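Engineer: Take a look at the letters that make up each chain.
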Amino acid sequence: MTLEEKVKEIVVDGLHCNADEVKMEADLVNDLGADSLDQAELMMNIEDAFKDHLGADSNISETDVEKLKTVGSIVEYLRGRGVPDNL
Amino acid sequence: MKRVVITGMGVVSPLGCNLEMFWSNLIAGTNGIHTITRFDASSFPVKIAAEVKDFDVNAFVDPKVQRRTDRYTQYALAASAMAVRDSGIDFSKEDPFRCGCIVSSGVGGISTTESEVLRMKERGPGRISPFCIPEIIVNIASGMVAIEHGLKGPNYAVVSACATGLHSVGCAMKAIRYGEADVMLAGGSEASVSQISIAGFAAMHALSTTNDDPEHACRPFDKNRNGFIMGEGSAVLVLEEYEHAVARGANIYAEISGFGESCDAFHMTAPAEDGSSGAYAMVMAMKDAGVSPDQIDYLNAHGTSTPLNDRIETVAVKRAMGEDAARALTISSSKSMTGHMLGAAGAIESVVCAMAIKNGVVPPTINYAEPDPDCDLDYTPNTAREKKIDVCLNNSLGFGGHNACAVFRKV
Numbered sequence: 024m025t026l027e028e029k030v031k032e033i034v035v036d037g038l039h040c041n042a043d044e045v046k047m048e049a050d051l052v053n054d055l056g057a058d059s060l061d062q063a064e065l066m067m068n069i070e071d072a073f074k075d076h077l078g079a080d081s082n083i084s085e086t087d088v089e090k091l092k093t094v095g096s097i098v099e100y101l102r103g104r105g106v107p108d109n110l
Numbered sequence: 300m301k302r303v304v305i306t307g308m309g310v311v312s313p314l315g316c317n318l319e320m321f322w323s324n325l326i327a328g329t330n331g332i333h334t335i336t337r338f339d340a341s342s343f344p345v346k347i348a349a350e351v352k353d354f355d356v357n358a359f360v361d362p363k364v365q366r367r368t369d370r371y372t373q374y375a376l377a378a379s380a381m382a383v384r385d386s387g388i389d390f391s392k393e394d395p396f397r398c399g400c401i402v403s404s405g406v407g408g409i410s411t412t413e414s415e416v417l418r419m420k421e422r423g424p425g426r427i428s429p430f431c432i433p434e435i436i437v438n439i440a441s442g443m444v445a446i447e448h449g450l451k452g453p454n455y456a457v458v459s460a461c462a463t464g465l466h467s468v469g470c471a472m473k474a475i476r477y478g479e480a481d482v483m484l485a486g487g488s489e490a491s492v493s494q495i496s497i498a499g500f501a502a503m504h505a506l507s508t509t510n511d512d513p514e515h516a517c518r519p520f521d522k523n524r525n526g527f528i529m530g531e532g533s534a535v536l537v538l539e540e541y542e543h544a545v546a547r548g549a550n551i552y553a554e555i556s557g558f559g560e561s562c563d564a565f566h567m568t569a570p571a572e573d574g575s576s577g578a579y580a581m582v583m584a585m586k587d588a589g590v591s592p593d594q595i596d597y598l599n600a601h602g603t604s605t606p607l608n609d610r611i612e613t614v615a616v617k618r619a620m621g622e623d624a625a626r627a628l629t630i631s632s633s634k635s636m637t638g639h640m641l642g643a644a645g646a647i648e649s650v651v652c653a654m655a656i657k658n659g660v661v662p663p664t665i666n667y668a669e670p671d672p673d674c675d676l677d678y679t680p681n682t683a684r685e686k687k688i689d690v691c692l693n694n695s696l697g698f699g700g701h702n703a704c705a706v707f708r709k710v
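Protein chains in written order, with our numbering: chain A, 24 to 110; chain B, 300 to 710.
The following block holds chain B by itself, in its conformation from the complex:
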């Protein structure tokens, strides 16, 4: 099997709209969660989110393309453009059929769905925009990114709710491993701070309602955590076959050396109590990479800040690693700062893993104040930690019981 490395990354996030700003804010422990500005949320039970700020859409997306794309596709186009630039790859010199794209989304163009439904109710079915469907569908970001960069190889979207971004990275890695492609743009994108989305997740009681204190609302693994915070944005990684990257003298951030996946097959939204399926995904990822639990220097946890996720993810980590290795493990949740970017989460957390390896720094879990007896591992509370990282894991767990885990390794 071919080896797969990361040679470029692009980010649109609540902590900044480029890789450098994102990373410096992340290791500084900057909070990206504020009162919602995208719409008037005063009558909503949840009034806070991690919105993308200062996104210069005109710098990345042609005005004509803007008119026919949802914000989620625009974020994906921007993150892809930055990732391609960062990698230094020139697609005009590549065989286009050997270059592909899997940039997916959890909920796709949900704000377009919302506005078009309202339009239909007001003006009738004959007044729906011809761009409605292409704006909504979750695969259109991959399609538009392919047009922008001339990528004619494997191209689709994989959807697994909050594990979407990591499944996309995993599928793209496999396409290169099995020799289907030399280069893949992989990632996720989400523009989910919309009325129906906030109202819908709020109705599930999945979101934090600490509306009066957005700065401290997201507190993964803390005893007083009370729900996740909706985030948005996009992260795209340029994945490349190792020899291909070396031949063109590319900068290599890290290798993706293992991937594991499973399903709880238990409940629509709640994780299974024993954490066995989550643990299985981690075990399979480590086995795939040929590493043992004691070799893992860092785990970027799913860590959503919901009471259930953080408790059961802790159970799963202990089950996968063994009690001793789990206690020695350095864990953190970057969602404490970015909020939960849904379908982009697993992608941006892959970026975090690659940057942690590259820079030898573990970003913190902010707002950690009171230990929870059920979450008794080392979550890197509040302050970033310098640490040499050779191997790290990234967990993503989605509604529907989807579990994904990837292994990143220093090259």
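Isolated chain A (complex conformation):
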């Protein structure tokens, strides 16, 4: 499974949306209907799913969370933290 596929899967599962809607440019709030609680849960699920790659401090900081507005931005963020494209 690729990094993109894994992030998509987490988003679909967390936000109860159709897989086709979850494009890289999709905005979590405006396109996928997430509210602040959904976003908080999503970040927790991302941290859990990638904890082996994120290392000892798997937390996504509040500052970083604010920047993660689209599906693609989450993928980019994880790449930046050293998560490989092929999991």
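Calculated directly from the structure, the hints in this document are not laboratory data.
Take these hints with a grain of salt, some might be off.
Claimed, not checked - Stretch-level coverage of chain B by chain A, calculated; a stretch enters the list once three of its residues show a Cβ under 8 Å from a Cβ in chain A:
no.: 1; region: 363-371
no.: 2; region: 429-435
As the list claims (entries may be wrong) - The calculated DMTMM-like cross-link candidates involving lysine to aspartate or glutamate, where the alpha carbons are at most 25 Å apart (straight line), are:
no.: 3; chain 1: A; residue 1: Lys-46; chain 2: A; residue 2: Glu-89
no.: 4; chain 1: A; residue 1: Lys-29; chain 2: A; residue 2: Glu-89
no.: 5; chain 1: B; residue 1: Lys-420; chain 2: A; residue 2: Asp-80
no.: 6; chain 1: B; residue 1: Lys-363; chain 2: A; residue 2: Asp-58
no.: 7; chain 1: B; residue 1: Lys-363; chain 2: A; residue 2: Glu-28
no.: 8; chain 1: B; residue 1: Lys-363; chain 2: A; residue 2: Asp-36
no.: 9; chain 1: B; residue 1: Lys-420; chain 2: A; residue 2: Asp-43
no.: 10; chain 1: A; residue 1: Lys-74; chain 2: A; residue 2: Glu-85
no.: 11; chain 1: B; residue 1: Lys-363; chain 2: A; residue 2: Asp-43
no.: 12; chain 1: A; residue 1: Lys-31; chain 2: B; residue 2: Asp-361
no.: 13; chain 1: B; residue 1: Lys-451; chain 2: A; residue 2: Asp-58
no.: 14; chain 1: B; residue 1: Lys-363; chain 2: A; residue 2: Glu-64
no.: 15; chain 1: A; residue 1: Lys-46; chain 2: B; residue 2: Glu-319
no.: 16; chain 1: A; residue 1: Lys-90; chain 2: A; residue 2: Glu-70
no.: 17; chain 1: B; residue 1: Lys-363; chain 2: A; residue 2: Glu-89
no.: 18; chain 1: B; residue 1: Lys-420; chain 2: A; residue 2: Glu-64
no.: 19; chain 1: B; residue 1: Lys-686; chain 2: B; residue 2: Glu-319
no.: 20; chain 1: B; residue 1: Lys-363; chain 2: A; residue 2: Glu-44
no.: 21; chain 1: B; residue 1: Lys-420; chain 2: A; residue 2: Asp-71
no.: 22; chain 1: B; residue 1: Lys-363; chain 2: A; residue 2: Asp-54
This structure is a prediction, so every number in the text was calculated from the model and none was measured.
Where a beta carbon is used, it is the ideal one built from N, C-alpha and C, also for glycine.
Given the structure of chain A, go ahead and fit chain B onto it with the hints provided.
Structural biologist: Using the frame of chain A, we list chain B on its own:
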């Protein structure tokens, strides 16, 4: 003061998940108590409960909402939807600020509390769900029901343990009486068949331990009663200002014409021996409705099947009504069939009162076998009774010494 009538009702109960099924099972004397299936209760001192069966959550609650709500809120959403449909009211044609909701709960999302505490212990405080608090809080059902139906008027929850449901009906009635609202959804909801809840009530020795005979475990007012049985579910009533209901040609089940309340101020959980505060609530309710004890055709008793409650409630009834009127009174406990639905009890028993008036039938107290000298009134043993009912009372008494009583009247 405005008059308040019931124009719709919705039920999720151990006797069925709609009003018709609930009522037909109730007057048939059907037992709703069985061995617990919600979790493995084999190591628990209490292994029986009145669980909601065959609840189709998908028919009432969007999958996304399901993920962020405790079962108690889901029951409330379902009962509310059915009550609204039954009433025929179209909230899009109403002023939303004149429509409110008080659907409360005794223990709220207790199974969510339980699972999140276990999660915290296992995985640390950073892994608690962001939905944990909104799932747990006892007022969220009212909030979610308001979202679902667009109700912007009075909205909160009142909590008084086992009297919660009836206090909710009473507060909603007052909101309409005093002109704050035209329509109120009122009721209670509970999803209390959970490990911590069963273990906790069992530790108080409040629950029946007749585990090997669930069919006959709940026996209110019988000499061999030995505790209440945990029930669950929700009941919601559409309360409406009388002229408002008439103007839209609504079906009216009954009027809520009086409400009385008091506190024992005696003990955390035990009722006061002389029944004086319970009696005071009944007297105030009758006074509020302008009826005398000899006019009461039926009393839906709190009747939990605990040794203390049923004995002292009997004392309170005699004190409130006078010995003669108490002896002439037709009483029953629907908890003998539904178990004790805690915060939903007073609401579903309000439904029972309205249906008893509408249909001219008193549901029975089942499992009544051996009379108790301390409970020597007419409890409608084992078989439903046809009877014209013009006025009836509903009693709810809660841990904390809370007493509530409402008067229902034929319109």
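Engineer: Give a verdict on every hint.
Structural biologist: Here's how the hints hold up against the structure:
1. 363-371: holds (count 3)
2. 429-435: holds (count 3)
3. A:Lys-46 <-> A:Glu-89: At roughly 19 Å apart (the allowed maximum being 25 Å), Glu-89 (chain A) and Lys-46 (chain A) satisfy the hint.
4. A:Lys-29 <-> A:Glu-89: Judged against 25 Å, a Cα distance of about 21 Å means the pair holds.
5. B:Lys-420 <-> A:Asp-80: Since the Cα atoms of Lys-420 (chain B) and Asp-80 (chain A) sit roughly 20 Å apart, the hinted pair holds (cutoff 25 Å).
6. B:Lys-363 <-> A:Asp-58: 12 Å, holds
7. B:Lys-363 <-> A:Glu-28: 22 Å, holds
8. B:Lys-363 <-> A:Asp-36: Cα-Cα ~10 Å, so holds.
9. B:Lys-420 <-> A:Asp-43: 38 Å, violated
10. A:Lys-74 <-> A:Glu-85: With a Cα-Cα distance of about 17 Å, the restraint between Lys-74 (chain A) and Glu-85 (chain A) holds, given a limit of 25 Å.
11. B:Lys-363 <-> A:Asp-43: Between Lys-363 (chain B) and Asp-43 (chain A) the Cα gap is close to 18 Å, so the pair holds against 25 Å.
12. A:Lys-31 <-> B:Asp-361: Roughly 22 Å between the alpha carbons, so the hint for Lys-31 (chain A) and Asp-361 (chain B) holds.
13. B:Lys-451 <-> A:Asp-58: 21 Å, holds
14. B:Lys-363 <-> A:Glu-64: 13 Å, holds
15. A:Lys-46 <-> B:Glu-319: 47 Å, violated
16. A:Lys-90 <-> A:Glu-70: Holds. Lys-90 (chain A) to Glu-70 (chain A) sits at ~16 Å (cutoff 25 Å).
17. B:Lys-363 <-> A:Glu-89: OK: Lys-363 (chain B) and Glu-89 (chain A) at ~23 Å, within 25 Å.
18. B:Lys-420 <-> A:Glu-64: 19 Å, holds
19. B:Lys-686 <-> B:Glu-319: With Cα atoms ~19 Å apart, Lys-686 (chain B) and Glu-319 (chain B) stay inside 25 Å; holds.
20. B:Lys-363 <-> A:Glu-44: Judged against 25 Å, a Cα distance of about 16 Å means the pair holds.
21. B:Lys-420 <-> A:Asp-71: Roughly 17 Å separates the two Cα atoms, so the pair holds.
22. B:Lys-363 <-> A:Asp-54: Holds - the C-alpha atoms of Asp-54 (chain A) and Lys-363 (chain B) are around 16 Å apart, at most 25 Å.
Violated hints, listed in ascending order, are 9 and 15; each of the other numbered hints is respected by the structure.
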